Amino acid sequence: MNTRHQHTLLALALLALIVAGCDASGGVRLNIGDQAPAFVAPTLAAGPLSFPGELRGRPVVIRFWADWCRFCADEMRAIDGVWQRHRQQGLVVLAINAGQSRQEVESFIRRIGVGYPVLLDDQAAISRRYGVVGLPTTYFVAGDGRIRGKLLGEADAATFERLASELLR
Numbered sequence: 001m002n003t004r005h006q007h008t009l010l011a012l013a014l015l016a017l018i019v020a021g022c023d024a025s026g027g028v029r030l031n032i033g034d035q036a037p038a039f040v041a042p043t044l045a046a047g048p049l050s051f052p053g054e055l056r057g058r059p060v061v062i063r064f065w066a067d068w069c070r071f072c073a074d075e076m077r078a079i080d081g082v083w084q085r086h087r088q089q090g091l092v093v094l095a096i097n098a099g100q101s102r103q104e105v106e107s108f109i110r111r112i113g114v115g116y117p118v119l120l121d122d123q124a125a126i127s128r129r130y131g132v133v134g135l136p137t138t139y140f141v142a143g144d145g146r147i148r149g150k151l152l153g154e155a156d157a158a159t160f161e162r163l164a165s166e167l168l169r
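Numbering (UniProt numbering) for the sequence shown: 1 to 169.
None of these hints come from the bench; they were simulated from the model. Values in this document were obtained by computation on a predicted structure and should not be read as measured data. Please note that the accuracy of each hint is not assured.
Claimed, not checked - Calculated cross-link-like contacts (lysine to any residue; reagent style SDA-like; alpha-carbon spacing at most 20 Å):
1) K150 <-> V28
2) K150 <-> Q35
3) K150 <-> A45
To be verified - Taking CB as the label site, the calculated pair distances span:
4) D74 <-> A38: 28 to 36 Å
5) D122 <-> S165: 26 to 34 Å
6) A73 <-> R102: 16 to 24 Å
7) R111 <-> G153: 28 to 36 Å
8) R169 <-> G81: 31 to 39 Å
9) R29 <-> G113: 33 to 41 Å
Here a beta-carbon is modelled for each residue, glycine too, at the ideal position from N, C-alpha and C.
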């Protein structure tokens with residue numbers, strides 16, 4: 001291999017390392033077993049909701065989404081089915097919209113018709129605290145406030161059902 005090719009490969013390798021080390025979350029990485037960050041956010045239906053605050057001791061699915069996410073509508077309907085089956089067991093679902101206006105969120109939720117609480121994160125501050133770099137992102141948080149599961153990207157109803165059932169054990 002000639003010197004020019006070696007320099008090109010070296011430059012590409014360095015660029016890849018730099019890009020891999022950068023993300024929109026400011027370096028936050030939440031892992032299984034970590035304590036889920038606390039937050040307060042306005043809801044569509046009522047006043048502000050405090051997490052863990054009023055939800056302490058309950059299993060919570062925290063779903064980050066936006067209306068431009070091509071998977072989010074179908075998945076949010078699938079999550080609604082899981083929530084409907086398990087809410088009597090104490091399961092809570094919080095759908096946190098990342099970075100959109102109240103009007104955009106209301107329009108989308110009216111269209112898809114889910115029943116669980118929808119929270120507004122119009123400046124994406126909560127999303128950053130959770131290290132969200134892509135949508136959808138879903139966290140499964142146990143009653144002790146620790147993260148027990150995490151989904152990045154698209155998932156099917158069976159996956160949501162399995163993770164929610166594990167959370168309820």
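For each hint, the structure was consulted:
no.	hint	result
1	K150 <-> V28	holds (14 Å)
2	K150 <-> Q35	holds (13 Å)
3	K150 <-> A45	violated (26 Å)
4	D74 <-> A38: 28 to 36 Å	holds (30 Å)
5	D122 <-> S165: 26 to 34 Å	holds (33 Å)
6	A73 <-> R102: 16 to 24 Å	holds (18 Å)
7	R111 <-> G153: 28 to 36 Å	violated (22 Å)
8	R169 <-> G81: 31 to 39 Å	violated (20 Å)
9	R29 <-> G113: 33 to 41 Å	holds (34 Å)
In this structure, the hints that do not hold are numbers 3, 7 and 8, in rising order.
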